[in-house]
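S.K.: Starting from the known structure of chain A, fit chain B onto it as the hints suggest.
In order, the protein sequence lines correspond to chains A and B.
Mapping to UniProt numbering: the first sequence position 60 is 60, numbers consecutive.
Mapping to UniProt numbering: the second sequence position 129 is 129, numbers consecutive.
Keep in mind that the hints are not guaranteed to be accurate.
Pairs involving identical chains hold if they fit within one copy or between any two copies, as the list cannot separate such chains.
List time: in silico DSSO-like cross-link candidates among lysine-lysine, alpha-carbon distance up to 27 Å [stated by the list, open to error]: (1) Lys23 with Lys102; (2) Lys204 with Lys6; (3) Lys38 with Lys6; (4) Lys38 with Lys23.
Everything labelled a hint here was simulated from the structure, so no lab data went into it.
Listed below are the residues making up each chain.
Protein chains: 2
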Amino acid sequence: MEFSSKLLERAVNEMSQLPGIGKRTALRLVLHMLRQPKEQTLALSESLHAMRNDVKFCKSCNNISDVEICEICSSANRNEEIICVVEDIRDVMAIESTSSFKGLYHVLGGKISPMDGIGPHDLTIDSLVEKVKKGVIKELIFALSSTMEGDTTNFYIYKQIQDYNVVTSTIARGISVGDELEYADEITLGRSIVNRIPFESALKL
Amino acid sequence: MEFSSKLLERAVNEMSQLPGIGKRTALRLVLHMLRQPKEQTLALSESLHAMRNDVKFCKSCNNISDVEICEICSSANRNEEIICVVEDIRDVMAIESTSSFKGLYHVLGGKISPMDGIGPHDLTIDSLVEKVKKGVIKELIFALSSTMEGDTTNFYIYKQIQDYNVVTSTIARGISVGDELEYADEITLGRSIVNRIPFESALKL
Numbered sequence: 001m002e003f004s005s006k007l008l009e010r011a012v013n014e015m016s017q018l019p020g021i022g023k024r025t026a027l028r029l030v031l032h033m034l035r036q037p038k039e040q041t042l043a044l045s046e047s048l049h050a051m052r053n054d055v056k057f058c059k060s061c062n063n064i065s066d067v068e069i070c071e072i073c074s075s076a077n078r079n080e081e082i083i084c085v086v087e088d089i090r091d092v093m094a095i096e097s098t099s100s101f102k103g104l105y106h107v108l109g110g111k112i113s114p115m116d117g118i119g120p121h122d123l124t125i126d127s128l129v130e131k132v133k134k135g136v137i138k139e140l141i142f143a144l145s146s147t148m149e150g151d152t153t154n155f156y157i158y159k160q161i162q163d164y165n166v167v168t169s170t171i172a173r174g175i176s177v178g179d180e181l182e183y184a185d186e187i188t189l190g191r192s193i194v195n196r197i198p199f200e201s202a203l204k205l
Numbered sequence: 001m002e003f004s005s006k007l008l009e010r011a012v013n014e015m016s017q018l019p020g021i022g023k024r025t026a027l028r029l030v031l032h033m034l035r036q037p038k039e040q041t042l043a044l045s046e047s048l049h050a051m052r053n054d055v056k057f058c059k060s061c062n063n064i065s066d067v068e069i070c071e072i073c074s075s076a077n078r079n080e081e082i083i084c085v086v087e088d089i090r091d092v093m094a095i096e097s098t099s100s101f102k103g104l105y106h107v108l109g110g111k112i113s114p115m116d117g118i119g120p121h122d123l124t125i126d127s128l129v130e131k132v133k134k135g136v137i138k139e140l141i142f143a144l145s146s147t148m149e150g151d152t153t154n155f156y157i158y159k160q161i162q163d164y165n166v167v168t169s170t171i172a173r174g175i176s177v178g179d180e181l182e183y184a185d186e187i188t189l190g191r192s193i194v195n196r197i198p199f200e201s202a203l204k205l
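Only chain A is shown next, with the shape it has when bound in the complex (with noise of 0.2 Å):
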């Protein structure tokens, strides 16, 4: 592509450097913002600059925050005895929106993938096991991806911690809430049998 002008052409190339969006799509995006009032691009400028620049994440948990304890952990209504394992804060925003967990998180950054070169290291297990060491965790619920790079990252933490003593869960796998059978995967559905619940404790939900 040929540029007119050398500031179009860097605004291009840096917005084609994100996931998923190309340089036609970027030179779509610039040119929109071109015909936009001039303070939305300044601000959407300012807001990247001051999120890249300031964002901290928690020392507790890993989960992005303002502070240097999340409001989260710093919370007195949480149950800091039960811990949420989870891969990024997407997860955590999701499992905060259901309203049904009042204990802390623990953001790994991501799982062990040896084919993406990411090993045990690159994730915050280090910092988990020594809260575990630590004595007050009564639980860990693993609520990682159910794939084999989350059962890989799940088995390592666990294998880490057993000799403490602390109970480990993980999510329950089975079929959605409204799913018809006949569209469930085999596996999903297999293991929805063989995880059957008492039906008593059904009604309760």
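M.R.: The following block gives chain B in isolation, referenced to the frame of chain A:
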């Protein structure tokens, strides 16, 4: 969506103002930025700021430029007697990449579209008519989209300049080079038969 950081929330909100980018995509993009080196996001932020603040529109043709008169308009190698009328700067880039046109451009900034509230005075038609009045221009080539709005705009400009001594033409519509006839739509195929060209002149291309 509940965000654990106001900085993150603001960046996501600003990103999701862009066309085709919703909240979830914006969050994915912003989290990607947090995983990349800081310099990359700061460069993106800076380039958008500079582009929106400093980019100019050529005083002659309305094309995007870093200087008052764009490179095309100020070039000694271009024929200032032929003006190609286009909708926006993407069309200039598309035609420039063919290397088939050695005249100048006039960027309208859109096309007349009463449904979208765009009238003739929202476009740069007046300055085009002024240019024609000066008498230097010998030919206007209409290269707008082949839609009702494009045709309306062509006709509006034509009515404004018909009393002046200037030839008007539109780019040829027809079957794409390399296309099979059976997959062409009827209107295009029909027009390409009505507007057939002598075989000898096709041989020269």
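S.K.: So, for every hint listed, does it hold in this structure?
M.R.: Against the structure, the hints:
1. Lys23 with Lys102: between (44 Å within a copy, 26 Å between copies)
2. Lys204 with Lys6: For Lys204 and Lys6, the Cα distance exceeds 27 Å both inside one copy (64 Å) and across copies (37 Å).
3. Lys38 with Lys6: both (19 Å within a copy, 23 Å between copies)
4. Lys38 with Lys23: both (22 Å within a copy, 22 Å between copies)
Hint 2 from the earlier list is the only one contradicted by this structure; the remaining hints agree with it.
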